[in-house]
Each structure stands twice: as C-alpha cells, then as structure tokens.
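Trainee: As you go down the protein sequences, you meet chains A and B in turn.
Note that the numbering used here has the first sequence beginning at 33, numbered continuously upward.
Note that the numbering used here has the second sequence beginning at 700, numbered continuously upward.
Please keep in mind that the hints were generated in silico from the structure rather than gathered at the bench.
Note that CB positions come from ideal geometry on N, CA and C, so glycine has one too.
A portion of the hints provided could be inaccurate.
Covered by chain A, according to a simulated footprint, are these stretches of chain B (three or more residues, beta-carbon under 8 Å) [unchecked claim]:
{"no.": "1", "stretch": "761 to 774"}
{"no.": "2", "stretch": "786 to 796"}
{"no.": "3", "stretch": "843 to 849"}
From the structure, some residues in chain B lie toward chain A, with a derived Cβ separation under 10 Å [as the list claims (entries may be wrong)]:
{"no.": "4", "residue": "Ala704"}
{"no.": "5", "residue": "Phe710"}
{"no.": "6", "residue": "Ala711"}
{"no.": "7", "residue": "Ala718"}
{"no.": "8", "residue": "Gln728"}
{"no.": "9", "residue": "Val734"}
{"no.": "10", "residue": "Ser799"}
{"no.": "11", "residue": "Leu807"}
{"no.": "12", "residue": "Gly821"}
{"no.": "13", "residue": "Ile831"}
{"no.": "14", "residue": "Ala837"}
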Amino acid sequence: MKTEKKKSKKIKQDILILILILFITIIVILSFPDKKEKIITNGWNFFIEMISILPAVMILTGLFNVFISKENIVKYLGKAAGLKAIMFGIIMGSLPTGPLYVAFPLAAALLKKGARISCIIAFLSAWACIKIPQEMVEIQFLGIKFMALRLVLTIIFVIIMGLIIEKLIERRGTNI
Amino acid sequence: MNKTAIFINAFAFLCLIIAFLKNKEKTKQALKIAVKSFVRILPTIIIIIMLIGLLMGLVPQKHISKIIGEQAGIMGVIIVAIMGTFLHIPSLISFPLAASLLKNGASLTSVAVFITTLTMIGIVTLPLEIKILGKKMAILRNLLSFIIAIIIGIIIGAIL
Numbered sequence: 033m034k035t036e037k038k039k040s041k042k043i044k045q046d047i048l049i050l051i052l053i054l055f056i057t058i059i060v061i062l063s064f065p066d067k068k069e070k071i072i073t074n075g076w077n078f079f080i081e082m083i084s085i086l087p088a089v090m091i092l093t094g095l096f097n098v099f100i101s102k103e104n105i106v107k108y109l110g111k112a113a114g115l116k117a118i119m120f121g122i123i124m125g126s127l128p129t130g131p132l133y134v135a136f137p138l139a140a141a142l143l144k145k146g147a148r149i150s151c152i153i154a155f156l157s158a159w160a161c162i163k164i165p166q167e168m169v170e171i172q173f174l175g176i177k178f179m180a181l182r183l184v185l186t187i188i189f190v191i192i193m194g195l196i197i198e199k200l201i202e203r204r205g206t207n208i
Numbered sequence: 700m701n702k703t704a705i706f707i708n709a710f711a712f713l714c715l716i717i718a719f720l721k722n723k724e725k726t727k728q729a730l731k732i733a734v735k736s737f738v739r740i741l742p743t744i745i746i747i748i749m750l751i752g753l754l755m756g757l758v759p760q761k762h763i764s765k766i767i768g769e770q771a772g773i774m775g776v777i778i779v780a781i782m783g784t785f786l787h788i789p790s791l792i793s794f795p796l797a798a799s800l801l802k803n804g805a806s807l808t809s810v811a812v813f814i815t816t817l818t819m820i821g822i823v824t825l826p827l828e829i830k831i832l833g834k835k836m837a838i839l840r841n842l843l844s845f846i847i848a849i850i851i852g853i854i855i856g857a858i859l
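Please construct the entire structure, taking both the sequences and the accompanying hints into account.
Mentor: The structure is reproduced here in structure tokens:
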C-alpha cells in the first residue's frame, strides 16, 4: 500500500515537471523563433527513435520479471563456487529486472547463504548496469560497437572489483 | 524504423510467443507489468526528450565539447562521472541523453563514463545499501565503481 502511494506521488511529480518543461520549451521557442526548427526536429527524432523500441523493451522487462523467480536465483547462486560463481553472479544479475534496491535484500540473502563476496558484488553490479532490454536501447542509440565494448569491459572490471572487495573485507575480518 | 528497432521488436515478439506457449497466465501478468511500466516511464521520457531538444537547439556545440569533449581532458571526465553519480534518472533514458551529448561534441569517454556511473552507483539508494549489506561493502562497491567507470570510459575512448 505504502509503495503504491509513493508511486502515484512520483507520477504526479513527473507530470508536474513535464508541464513545467513544456512551458519552458514554449517560452524558449516563442522568444527564439529561429531556434524553433532545430529544437523541434531534434526532439522529435529522439522521440521516434525511443518510441519505436520502448514497447518491446517494456515487454521484455515484464517477461523477465515474471518468468525468472528471485528465489531460484538465491538458490543457485548460494551453491556456486570459484570463478564460475562470479560469472554466474553476473549472468543471474543481468537477467531479472527492477530497480537496484530490489537486489539488496537478495544480496543479503546470498550473503547469509554463504555465497562469496566477489560473487555478490558481481551480482549487484550486473543487476545495476547489465540488463538485456537496456543493452538493446544502448545499441539503438549508441551503436553495437559501443555497447559490446562497454559490456565486455564492464564484465572484466566488475570481476576485478569483486575480487578486490572480497580481499579487503576478508582481510579485515568478517564483521560486515 | 531502423534495423536495430526492427530487430528489437522482432526479438521481443519472439520471446512473447515462446512465453505465451509456455505459460499463458504468467505472460498476461508480464504484459500487465509492461503496460504499467510503460505508462510510468512515459512522462520522464518526454521530459528528457524535450530537454534534449532544448539542449541541442540552444547550447552551441563548442560549449559542450569545451566542458566534456576531447579537449576537456580528465577534468571533463571527472565532471561527467560526478554527474552520473548524483543524477537519479532511469538508465533507459540515459542512452538517448548520452547520444545527444555525443552528437553535440561530447567525447566517447565522457559518454561511457556517464552511463557507467549513472547505472552502477546509486547515491540515493546508498543508505539502504549500507543498511542491508553493511557499511564496508556498500561504500567500497560504490567507490570502486566510480574508479572503474573512469577506466572503462578511457579504454573505450582509446579503442573506438
């Protein structure tokens, strides 16, 4: 109930900002008529690019949300070991969708189950920035080369980061 | 529609059919979530798109490239990294925003750093992260994410 209220408040807030920006845009266009065409064409082009993929992205998000159960993720990840566990963490983190704060309790559950810290960091980072529907939006706007390179680099560095954090935390004892 | 858009739509359609054959009820539920999140994100998308229009129409290219372009150097990269850290906008929307900055003179490095810090680091969610995962882990994760975002950006700028 509380979150529903929060959500509707957030939507109201968004619409308020939308009206404000619309107002500003109209004023700007009226006061700089020579910029009118540039502003409208640019905005319109981006709108078309976005709207041509947005429904598909949302459908994929919805499907991942429903078909990938969060309990299973915790179950599988709690058992995995070694470097495999880290890779597994990345894959598992990249599948379901939802805001990052949904992943925190899952990560805490994994920690309790005895999963490696590096695996949990990999899981959280993948949840935050590797999402299949989002990668598609990235291809649409920034090109496949950019997306692929950023993805590969992110995976590599997330693994390194996970190992570093694991070392740092374990060396200072396990009181986290 | 460009090739990418066609591919994405085809992929989503294919997944939808497979899901529907597997489990009708769950698929219906997924579509409901899809419609809801579409409606929820639409105002934000229109806001960002109008901002992009204004940005591209009003701010001359040389200003953008001076602040976050090739010649801005490491300071420009740090500025976008901090921007990405504190801004709290859905990552979905960061891509058109990044593309518009890129078209207007931002460097590839800045754009990659911006997207990476925006998605990986959450200042808004940090208190919750600390509460659930502990101070050490949460702060280390966010801090190191900031550093690796910059490294990733620099490598992307060097390769592409």
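Trainee: Next, verify each hint and record whether it holds.
Mentor: Hints, one by one, checked against the model:
| no. | hint | in the structure |
| --- | --- | --- |
| 1 | 761 to 774 | violated (count 0) |
| 2 | 786 to 796 | holds (count 4) |
| 3 | 843 to 849 | holds (count 3) |
| 4 | Ala704 | holds (4 Å) |
| 5 | Phe710 | holds (7 Å) |
| 6 | Ala711 | holds (4 Å) |
| 7 | Ala718 | holds (5 Å) |
| 8 | Gln728 | holds (5 Å) |
| 9 | Val734 | holds (8 Å) |
| 10 | Ser799 | holds (7 Å) |
| 11 | Leu807 | holds (7 Å) |
| 12 | Gly821 | holds (5 Å) |
| 13 | Ile831 | holds (4 Å) |
| 14 | Ala837 | holds (9 Å) |
Of the numbered hints given earlier, the model fails hint 1 alone.
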